[in-house]
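Enquirer: Turn these sequences into a full structure, and let the hints steer you where they fit.
Protein chains: 2
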Amino acid sequence: MIRRHPLAEQAAEELLRRIGSGEWPIGQKLPGETTLAAQLGVGRSTIREAVRELAGRRVLESRQGAGVFVIAQQASEDWDQVLRRADITDVLEGRLAIETEAARLAASRRTPADLKTFRYTLADREKAAGKLPDDWYVEADLAFHRAVITAAHNAVLTELFDTFVPRIRRAMLDMLKLDQDHRHRHDQAAHQAIADAIRDRDPELATARTREHLSAVRATVS
Amino acid sequence: MIRRHPLAEQAAEELLRRIGSGEWPIGQKLPGETTLAAQLGVGRSTIREAVRELAGRRVLESRQGAGVFVIAQQASEDWDQVLRRADITDVLEGRLAIETEAARLAASRRTPADLKTFRYTLADREKAAGKLPDDWYVEADLAFHRAVITAAHNAVLTELFDTFVPRIRRAMLDMLKLDQDHRHRHDQAAHQAIADAIRDRDPELATARTREHLSAVRATVS
DNA sequence: GTCCTCAGCTTGTCTGAGGAGCTGATTCGG
DNA sequence: CCGAATCAGCTCCTCAGACAAGCTGAGGAC
Numbered sequence: 001m002i003r004r005h006p007l008a009e010q011a012a013e014e015l016l017r018r019i020g021s022g023e024w025p026i027g028q029k030l031p032g033e034t035t036l037a038a039q040l041g042v043g044r045s046t047i048r049e050a051v052r053e054l055a056g057r058r059v060l061e062s063r064q065g066a067g068v069f070v071i072a073q074q075a076s077e078d079w080d081q082v083l084r085r086a087d088i089t090d091v092l093e094g095r096l097a098i099e100t101e102a103a104r105l106a107a108s109r110r111t112p113a114d115l116k117t118f119r120y121t122l123a124d125r126e127k128a129a130g131k132l133p134d135d136w137y138v139e140a141d142l143a144f145h146r147a148v149i150t151a152a153h154n155a156v157l158t159e160l161f162d163t164f165v166p167r168i169r170r171a172m173l174d175m176l177k178l179d180q181d182h183r184h185r186h187d188q189a190a191h192q193a194i195a196d197a198i199r200d201r202d203p204e205l206a207t208a209r210t211r212e213h214l215s216a217v218r219a220t221v222s
Numbered sequence: 001m002i003r004r005h006p007l008a009e010q011a012a013e014e015l016l017r018r019i020g021s022g023e024w025p026i027g028q029k030l031p032g033e034t035t036l037a038a039q040l041g042v043g044r045s046t047i048r049e050a051v052r053e054l055a056g057r058r059v060l061e062s063r064q065g066a067g068v069f070v071i072a073q074q075a076s077e078d079w080d081q082v083l084r085r086a087d088i089t090d091v092l093e094g095r096l097a098i099e100t101e102a103a104r105l106a107a108s109r110r111t112p113a114d115l116k117t118f119r120y121t122l123a124d125r126e127k128a129a130g131k132l133p134d135d136w137y138v139e140a141d142l143a144f145h146r147a148v149i150t151a152a153h154n155a156v157l158t159e160l161f162d163t164f165v166p167r168i169r170r171a172m173l174d175m176l177k178l179d180q181d182h183r184h185r186h187d188q189a190a191h192q193a194i195a196d197a198i199r200d201r202d203p204e205l206a207t208a209r210t211r212e213h214l215s216a217v218r219a220t221v222s
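Heads up: the sequence lines are chains A and B, in that order. Take the first sequence: its letter number 99 is residue 99 in UniProt numbering, and every next letter is one higher. Take the second sequence: its letter number 106 is residue 106 in UniProt numbering, and every next letter is one higher.
No lab work stands behind these hints, which were simulated from the structure alone. Each hint should be verified, as a subset may be incorrect.
The list makes no distinction among identical chains, and a pair is therefore deemed to hold if it is satisfied within one copy or across any two copies.
[What the hints assert, rightly or not] With a straight-line cut-off of 27 Å between C-alpha atoms, the simulated DSS-like cross-links for lysine-lysine are: (1) K177 / K29; (2) K29 / K131; (3) K29 / K127; (4) K177 / K116; (5) K177 / K131; (6) K127 / K116; (7) K116 / K131; (8) K127 / K177.
Expert: Spelled out as structure tokens, the structure:
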């Protein structure tokens, strides 16, 4: 029998699977170490290490004398890894969720300083779309989108967008390598229109135009 | 000597401290288990559990026969920290962004199995709203909202929601402690209406009702 | 110089023992 | 009969020792 992973890791995966399946709901006490060891056919210390690993991932919590309890149904995964593994369409739908709502809020909360940033980043983007290399164009495009997010004045949305940026950047570069016309299809006008709607304090229009633009982006990869 | 935490956890914290201080840079091999055990004055199995915990947090990686290696300088639970520090209104706006889009997608993609989950999570929620303790009610409410997210069949949105859950759970419990009438204001009907719109494959209505419900939630805390 | 072998290290696993802490049933006092 | 104190039995926590499995680098064979 070939064993790629240590027994303790395999045991942790098995426990995680059972927790995810609902066999042990949140708050539930797990069977004792000796019981689990017998069930999985491993030693007690192996079970203990598996439990420790899941405790480190904030899925289990052990209290001396009481038992081991489930505190989360799923491991709180590293976001970079989640986005790297996820389908690009799923990522883009996540981005759409964040950015449409941000555009809506920005239309209410944008300051004169935000509008000034829009103007600069749009000008940069137009210049880059014309003749600069792919990575410059991508950065200019992301800079404008980040300006929209910033104008929503919501720290959580901003952090969410920044988490998505590396994954989006890579996807854009890959797309540009395959299709040089791509930059012309999602052109400057759509971005200008989003900025205008936010400037005019029109939440519905800003949301709709953002949705339209990002839906078009998503359509190019599927 | 008073011990608040188990020795293994204390050892894990000490290792994390040394890693963060730069004593062992990324890629560095840690001293052997027996050496570390002697240094910290604990048994070898205790060190092993501490290493396992940090392995679960993606800070260490152990390879049989080779040693234990540092793979990250800091525990990557950044998002928990971000959400903990953020204003609750910002968090709820982030949740609104995720959940309205998820409701829209769910209206197109929901399966019969999803509808079944709606039915029994709604039933649980109604029961819990009636007479069960706060934490049961909160779990039942979250279970329904998670069912909506799941029906969108988008891994990124699901992970995003799960990231938000602990923070939302805490906020709900705090609110309920201050205001026992809260559960009656956001009542069962609003949840049923969302489920109905998704069942009827009406994206716009599902989005609008979700937005209305979550806006009301946000209004209670500001 | 290149490849192979192997001794000596590392982590992985199991077992047995005793300590510390929680929980629920039992018992005692009212 | 009811409430509170008691405690036995369960749980996890820690240690120690033994052996297995796997990697690494030094040294020898070619």
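Enquirer: State the violated hints by number, sorted upward, taking the hints as numbered earlier in the document.
Expert: Of the numbered hints given earlier, the structure breaks just one, which is hint 4.
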